[in-house]
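Undergrad: Sequence:
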Amino acid sequence: MTAPTPDTYDLSVVVPVKNEEANIAPLIGEITAALRGRARFEIVYVDDGSDDGTAEALRRARHETPELRVVTHERCFGQSAGLFTGVRAARAPWVATLDGDGQNDPADLPRLLDARDADPDPAAVALVAGQRLQRHDSAVKRLSSRVANGVRRRLLRDGARDTG
79 MTAPTPDTYD LSVVVPVKNE EANIAPLIGE ITAALRGRAR FEIVYVDDGS
129 DDGTAEALRR ARHETPELRV VTHERCFGQS AGLFTGVRAA RAPWVATLDG
179 DGQNDPADLP RLLDARDADP DPAAVALVAG QRLQRHDSAV KRLSSRVANG
229 VRRRLLRDGA RDTG
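For the sequence shown, the positions run 79 to 242 when this note's numbering is used.
These are computed hints drawn from the structure, not numbers from a lab. Beta carbons are placed, not taken as given, at the ideal position from N, Cα and C, and that holds for glycine. Treat each hint with caution, since some may be false.
[Said to hold, decoys possible] What follows is a set of in silico ranges between Cβ atoms, one per label pair, in the way DEER data are often shown:
#	residue 1	residue 2	range
1	Val203	Asp129	34 to 42 Å
2	Ala111	Asp197	33 to 41 Å
3	Arg194	Cys154	14 to 22 Å
4	Val206	Ala111	15 to 23 Å
5	Asp199	Pro144	27 to 35 Å
6	Glu152	Pro188	31 to 39 Å
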């Protein structure tokens, strides 16, 4: 299969990772299974200074997945920086982000595209957001996320839920 040229992508899927060697191949497989034949897409992995076998797993995956691009941070800058780097590297007009640990189900990506395409005026849709229904985080992570989301909702009053 030949990857589309950058000017023909519909969707860039950005995945920041840090030490996710075991999750690389399965997640890429799930993303491609969800999107091949549905959208012209690229997958942009941002390796945020991993010190395990993540870089090698990404190199192997790159040979098997023409849609895959890899951007590397030489040291860890954190998930937000990884997302920022990935979004800046994205070549499609629409960007989806997924956690590298598999907490977001790539099978939901077509539903986001359907929601985007549902409006008869494509220019009217600027954002489609999903939300996790079940988190697989520690109690400390869930509590800190709940506090951060509460502050965000109070400040922005936009009704958005679980933004990270």
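Undergrad: Next, verify each hint and record whether it holds.
TA: Outcome of the hint check:
no. : hint                        : in the structure
1   : Val203 / Asp129: 34 to 42 Å : holds, 40 Å
2   : Ala111 / Asp197: 33 to 41 Å : violated, 27 Å
3   : Arg194 / Cys154: 14 to 22 Å : violated, 33 Å
4   : Val206 / Ala111: 15 to 23 Å : holds, 20 Å
5   : Asp199 / Pro144: 27 to 35 Å : holds, 33 Å
6   : Glu152 / Pro188: 31 to 39 Å : holds, 35 Å
Consistency note: the structure conflicts with the earlier hints numbered 2 and 3.
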